Amino acid sequence: MSGTFVGMPAFPAAAHEAVRNPTLRGNLRHATHTIRAKREKAVAEVSDWAQLREAGRRIKDHTLRHLDRYLVQLEESVTAAGGTVHWAVDADEANRIVADLVKATGESEVVKVKSMATQEIGLNEALEAEGIRAYETDLAELIVQLCEDRPSHILVPAIHRNRGEIRDIFVREMGEWGRPAPEGLTDTPAELAEAARLHLREKFLRAKVGISGANFMVAETGTLVVVESEGNGRMCLTLPETLISVVGIEKIVPAWRDLEVFLQTLPRSSTAERMNPYTSMWTGTADEDGPQNFHLVLIDNGRTDTLADEVGRQALRCIRCSACLNVCPVYERAGGHAYGSVYPGPIGAILSPQLRGTASEIDASLPYASSLCGACYEVCPVAIDIPEVLVHLRERVVAGGQVTRNGNKVLLKPAKGHAAERAAMRAARWAFAHPGALRGGQRLASRTRRFHPRTLPGPGRAWSGSRDLPPVPSEPFRDWWQRTHGGKDGAK
Amino acid sequence: MSSRERILGRVRRALADVPQDDMPYEQAVPRDYLREHGERSVEETVDLLAENLADYRALVHRCAPDVLPSLIAGLLTARDARSLLVPAGLDERWLAATEVTRVPDLADSSAHELDRVDSVVTACALAIAETGTIVLDGGPDQGRRRITLVPDHHICVVRVPDQVVSSVPQALERLDPARPLTWISGPSATSDIELDRVEGVHGPRTLEVVLVGGQASADVNS
Ligand code: SF4
Chain P
3 MSGTFVGMPA
13 FPAAAHEAVR
23 NPTLRGNLRH
33 ATHTIRAKRE
43 KAVAEVSDWA
53 QLREAGRRIK
63 DHTLRHLDRY
73 LVQLEESVTA
83 AGGTVHWAVD
93 ADEANRIVAD
103 LVKATGESEV
113 VKVKSMATQE
123 IGLNEALEAE
133 GIRAYETDLA
143 ELIVQLCEDR
153 PSHILVPAIH
163 RNRGEIRDIF
173 VREMGEWGRP
183 APEGLTDTPA
193 ELAEAARLHL
203 REKFLRAKVG
213 ISGANFMVAE
223 TGTLVVVESE
233 GNGRMCLTLP
243 ETLISVVGIE
253 KIVPAWRDLE
263 VFLQTLPRSS
273 TAERMNPYTS
283 MWTGTADEDG
293 PQNFHLVLID
303 NGRTDTLADE
313 VGRQALRCIR
323 CSACLNVCPV
333 YERAGGHAYG
343 SVYPGPIGAI
353 LSPQLRGTAS
363 EIDASLPYAS
373 SLCGACYEVC
383 PVAIDIPEVL
393 VHLRERVVAG
403 GQVTRNGNKV
413 LLKPAKGHAA
423 ERAAMRAARW
433 AFAHPGALRG
443 GQRLASRTRR
453 FHPRTLPGPG
463 RAWSGSRDLP
473 PVPSEPFRDW
483 WQRTHGGKDG
493 AK
Chain H
9 MSSRERILGR
19 VRRALADVPQ
29 DDMPYEQAVP
39 RDYLREHGER
49 SVEETVDLLA
59 ENLADYRALV
69 HRCAPDVLPS
79 LIAGLLTARD
89 ARSLLVPAGL
99 DERWLAATEV
109 TRVPDLADSS
119 AHELDRVDSV
129 VTACALAIAE
139 TGTIVLDGGP
149 DQGRRRITLV
159 PDHHICVVRV
169 PDQVVSSVPQ
179 ALERLDPARP
189 LTWISGPSAT
199 SDIELDRVEG
209 VHGPRTLEVV
219 LVGGQASADV
229 NS
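As they're listed, the protein sequences go chains P and H. Our numbering applies: residue 3 is where the first sequence begins, and numbers increase by one. Our numbering applies: residue 9 is where the second sequence begins, and numbers increase by one.
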């Protein structure tokens, strides 16, 4: 995975910067709290949420357990519907395939609908190097692209910018990329959105090539699904002559009817709406409607390595709703940039180190970017046990062990520079040998931390009764951070 | 080895722990979630659709079939629409009362041409009450996907109650995945700027849904 931001410091250092930026913190806090409250209301509207969540979890788990079969089936159905399927082992191969496809059209610019997969592989930069300019068309992505910033949230990537900043960016940069911002642009959201509409419309209407990701791919029918709000997705998916969709191999669901689960849980978890304004579904190409050339690029880029980890593979169930970000106390303070990858927040903390391995400092530090409070697990619409995977990855960072990298089994050495964690982990070895007890204990411990429990209620009591609580797994992120890095510059 | 073979090989090795007789799909997924939420009469379902559409800032009108042509004509006049995109299979009678210049939905019209059209009128494949969603499937009375995207004003006619379903599961059952589908819940919107909702970034900024059914009734929320 080439998605590591260059020169990115490890999470604690990066987070430290963010915490000292009051504008960023204010924006983040406002945003996460607003979405969180709305989400709760939207979820409460459906009485069968627990059943939908369980069905979603099982559909995704089943798909992952038979991924080879469903990939082959998907390829057949997309091909039968008039599409062409390409396979890319890593980011470089995916970028090369896309660049070649664009060049074959003779075009030198493309319009893009927000896609984390293309961010992950660094597609825009790769296209730029080939002389192809990629225009992001999602409003927030546009903001981020115009100021050469990085997205900080899955759903609202410019959440760290306020309206005044956005206005300034539009006035300063739009003219460099195409239609300039209107004269006398103010910072009201309506005017800013209008400026974006005019700026982008000019690009949509002339674009011959569109690039997208997909939220779901249906193996049975070959249907791709994109869920969005602004209409830029529909623009990119239907106006160009050629459409190239770049999608991770884990985005499959087996059958058409499976969408009935995710089209109920995704919008509610994501934007807290009953349904997002636009959902597009297409199956190959349609006669005289929409792009007449359709290419699907299936990317691995670390996903099969993640799949090889029996504990960690559940991260591939993620439908990128971003609910876990909005409830995470660490994300709320640190912001998305601190995670150093396109996948921020709790899901980023478990996905990035698996996709990329834990060799770099940032990736090795990500499993610690959590207080293990369990809130992320509770909101996750596909019930990914993020705390469980975090603990599992911490163990891997600290103790090493066998992992799969690029399809090969390799023995990971214990990480250097994590001596403190290593020592701490040793103390908790008993707990790791009893994951059930640990899991129960941790959540309870972190939730009741204020009361400093000596013993745990419920199932945890049996073992905690004769022991002190293992200090490490339930150590709050803040304490760990303070302990390991906070002393460096003495800042509070 | 091709990348395809390499990826499939990696997947298979990664899944070495999954037994051959792993639970088949039909048993692996419990379907004990609801087919629809709550019990409603047909009338109540249509009311819920109207309510949820309006909640997402679509402008909702209800009328009897004989009033539809004058209603559509009125909506176009109110917007000063001078040109109107019309799908090839649209019911001619719906436009009987309007003089607005018609632009046919043609494969070779350019995006720029569509951009100059003021409004579009279409039917739909179905509408979902619980979520306030209309679904277009590119049928002859709905036209190509882009005609409901580029013009700024979309009037969509829903026949009630026969085109209305309660829920997402019921909608998927009735739709054909081989057709290109567009699900629309209110007009285009963004919350990217400090989470303030703004309507109409790229799609039509105004979505008017006409629920046309058996008996005449007064306008709702128009
Ligand atoms: S991990 Fe779960 S909650 Fe977080 S983005 Fe993925 S699906 Fe949503």
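Quick caveat, the hints were computed from the structure, so don't treat them as lab data. A few of these clues could be false.
[Stated by the list, open to error] Example chain P residues on the side facing chain H (calculated, C-beta under 7 Å, incomplete):
#  : residue
1  : His64
2  : Val91
3  : Thr107
4  : Gly108
5  : Ser110
6  : Leu141
7  : Ala195
8  : Glu232
9  : Gln266
10 : Met283
11 : Val412
12 : Leu413
13 : Leu414
Please read these numbers as outputs of a predicted model, since none were measured by experiment. A virtual CB, placed ideally from N, CA and C, is assigned to each residue, including glycine.
Status of the hints after comparison with the structure:
no., hint, verdict
1, His64, "holds, 4 Å"
2, Val91, "holds, 5 Å"
3, Thr107, "violated, 16 Å"
4, Gly108, "violated, 18 Å"
5, Ser110, "violated, 19 Å"
6, Leu141, "holds, 4 Å"
7, Ala195, "holds, 4 Å"
8, Glu232, "holds, 4 Å"
9, Gln266, "holds, 5 Å"
10, Met283, "holds, 4 Å"
11, Val412, "violated, 13 Å"
12, Leu413, "violated, 17 Å"
13, Leu414, "violated, 16 Å"
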